[in-house]
Amino acid sequence: MSAASLYVYFKYLFRFTRLESLTSRHLLIRFNRITRQVYLHRPPSCGGIAVLPWDDIHHDAVPGVNLVVGWYPPYSPLPFPNMVFVGKKSVSEFDMKAEWEYIRRYMDEGGLDAVSPPRLSSHLPLPWPAFAAQFEALGPYLRHSGPLTWLGMLLISPALLVIGLGHWVSLMLCWRPRWPKIIREAGLPGKPTPPLTTIDDYPPEVRAALLENAHRWVVRPGSPPPRPKRFSFKGSWENRKR
1 MSAASLYVYF KYLFRFTRLE SLTSRHLLIR FNRITRQVYL HRPPSCGGIA
51 VLPWDDIHHD AVPGVNLVVG WYPPYSPLPF PNMVFVGKKS VSEFDMKAEW
101 EYIRRYMDEG GLDAVSPPRL SSHLPLPWPA FAAQFEALGP YLRHSGPLTW
151 LGMLLISPAL LVIGLGHWVS LMLCWRPRWP KIIREAGLPG KPTPPLTTID
201 DYPPEVRAAL LENAHRWVVR PGSPPPRPKR FSFKGSWENR KR
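Those letters in the sequence shown? Residues 1 to 242, per full-length UniProt numbering, in order.
Honestly, the hints are just simulated from the structure, not real lab data.
Source: prediction; values computed, not measured.
For each residue, glycine too, the CB sits at the ideal point set by N, CA and C.
Warning: the hint list may mix true and false statements.
Stated by the list, open to error - Quick list of simulated restraints, FRET-style, between CB atoms:
1. L188 <-> A159: 42 to 52 angstroms
2. H215 <-> L138: 40 to 50 angstroms
3. V169 <-> W54: 28 to 38 angstroms
4. P53 <-> V169: 36 to 46 angstroms
5. W128 <-> P189: 12 to 22 angstroms
6. R178 <-> G110: 21 to 31 angstroms
7. K191 <-> A159: 46 to 56 angstroms
Construct the entire structure; sequences and hints are all you get.
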């Protein structure tokens with residue numbers, strides 16, 4: 001029985017385990033103002049390492065989530081969108097705009113001389129970042145809430161603690177990602193500039209699947225997609241008679 005269970009787990013469920021365990025501990029983003037490039041560090045199953053142009057970046061502030069930056073067709077070297085969440089969660093749109101302005105000033109107005117020194121964070125699997133992820137967006141919300149909301153948060157706090165504990169365990173079961181040498185040295189004197197990621201950098205089977213669905217990401221102004229036909233008993237009865 002145990003052998004059969006292990007077979008089913010590794011055959012069908014292990015791929016989902018790799019989303020939170022036994023993989024990279026963080027999804028990294030790196031901005032290089034010398035090469036005018038942005039680097040994304042993701043596991044191979046989530047897109048791998050990508051080199052994208054800074055000048056084609058788009059940003060969007062989603063209160064309650066994170067600052068979102070992305071590259072979208074046709075303003076992208078790839079035929080599909082690439083998006084990444086940057087920074088901490090926040091319910092304040094002002095905080096997200098300030099975070100984007102910090103990045104923009106670093107890239108466009110002179111690097112670290114144009115911004116205040118950044119606060120460095122640890123890549124170690126420390127416990128408080130795992131638990132802070134569950135509560136960091138609740139502070140401003142709770143400050144303007146009444147006793148009933150606080151009582152509700154007290155009742156669900158054990159569930160949030162369990163989620164935080166699971167997050168911490170997953171961090172300890174992962175490893176710290178490391179940038180390739182060509183990206184670490186990009187922008188230094190005499191060092192090559194990494195080429196932009198293109199569709200040809202993906203394996204043949206992945207490339208074929210991406211190209212097959214590329215038309216789904218192209219925005220065609222003035223030509224909305226056809227609306228799906230709604231189910232009707234009349235049409236179903238007519239088809240049955242045929």
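Results of checking the hints against the structure:
no. : hint                              : result
1   : L188 <-> A159: 42 to 52 angstroms : 48 angstroms, holds
2   : H215 <-> L138: 40 to 50 angstroms : 41 angstroms, holds
3   : V169 <-> W54: 28 to 38 angstroms  : 36 angstroms, holds
4   : P53 <-> V169: 36 to 46 angstroms  : 38 angstroms, holds
5   : W128 <-> P189: 12 to 22 angstroms : 40 angstroms, violated
6   : R178 <-> G110: 21 to 31 angstroms : 28 angstroms, holds
7   : K191 <-> A159: 46 to 56 angstroms : 49 angstroms, holds
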